[in-house]
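Given the sequences, and given the hints that come with them, work out the whole structure.
No gaps in the numbering here: position 109 of the sequence shown is 108 in numbering that gives the first Met the number 0, and each next residue is one more.
Hints were generated in silico from the structure; no laboratory data involved. All residues carry an ideal CB built from backbone N, CA and C; glycine is no exception. Keep in mind that a hint or two might mislead.
What the hints assert, rightly or not - Pair by pair, the computed Cβ-Cβ distance ranges are:
(1) H121 <-> A74: 51 to 59 Å
(2) D86 <-> E10: 23 to 31 Å
(3) S77 <-> A106: 39 to 47 Å
(4) R5 <-> T109: 44 to 52 Å
(5) A106 <-> I142: 17 to 25 Å
(6) V99 <-> R79: 29 to 37 Å
(7) I138 <-> T109: 18 to 26 Å
(8) E38 <-> R126: 44 to 52 Å
(9) A122 <-> D36: 33 to 41 Å
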Amino acid sequence: MSEKERWQAAERLALVLTEGGLQRMSARALAVFLFTDAETVTMGEIADRLGVSAGSVSGAVKTLLSVGLIERLPAPGSRREHYRLRDDAWATLFSTQNTVVHVMLQAAETGIATTTSDDPAHARLTRMRDFYEFMLNEIPDLIRRWQERQPG
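Here it is as structure tokens:
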């Protein structure tokens, strides 16, 4: 695969991520982390790769840091901050999204409390609550099993 084809694949992945709900610049920055040959990258390198300003990359990097997909690394002798995709990025993302699961669970419980048992909304909200409770109970075991499958 040529370098051009490689980065076209990265942009296609970013498009899929955007269609899946990720902000466009965050999706494109994540694609850089996934497709780079470098051990670490700086915001300036991401901006250069994407052909955008460094300022437009800043928010994307903050987003990727906040959900645990990337990490900031010390770079002795460099004035720029260096970042890389975390080795445990996907498990970290899945576990940090438990916050969303908790919010959905609370929303369902609030809705259940405001409806009567004969209301169709009550039944739908109960099913929603039951699903999110199930997810919360299953996620830790899924992540543990995933980690057990990973090489040393």
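We went through each hint and held it up to the structure:
no., hint, result
1, H121 <-> A74: 51 to 59 Å, "holds, 55 Å"
2, D86 <-> E10: 23 to 31 Å, "holds, 24 Å"
3, S77 <-> A106: 39 to 47 Å, "holds, 45 Å"
4, R5 <-> T109: 44 to 52 Å, "holds, 47 Å"
5, A106 <-> I142: 17 to 25 Å, "holds, 24 Å"
6, V99 <-> R79: 29 to 37 Å, "holds, 32 Å"
7, I138 <-> T109: 18 to 26 Å, "holds, 22 Å"
8, E38 <-> R126: 44 to 52 Å, "holds, 46 Å"
9, A122 <-> D36: 33 to 41 Å, "violated, 53 Å"
The structure fails to meet hint 9 from the earlier list, while all remaining hints are met.
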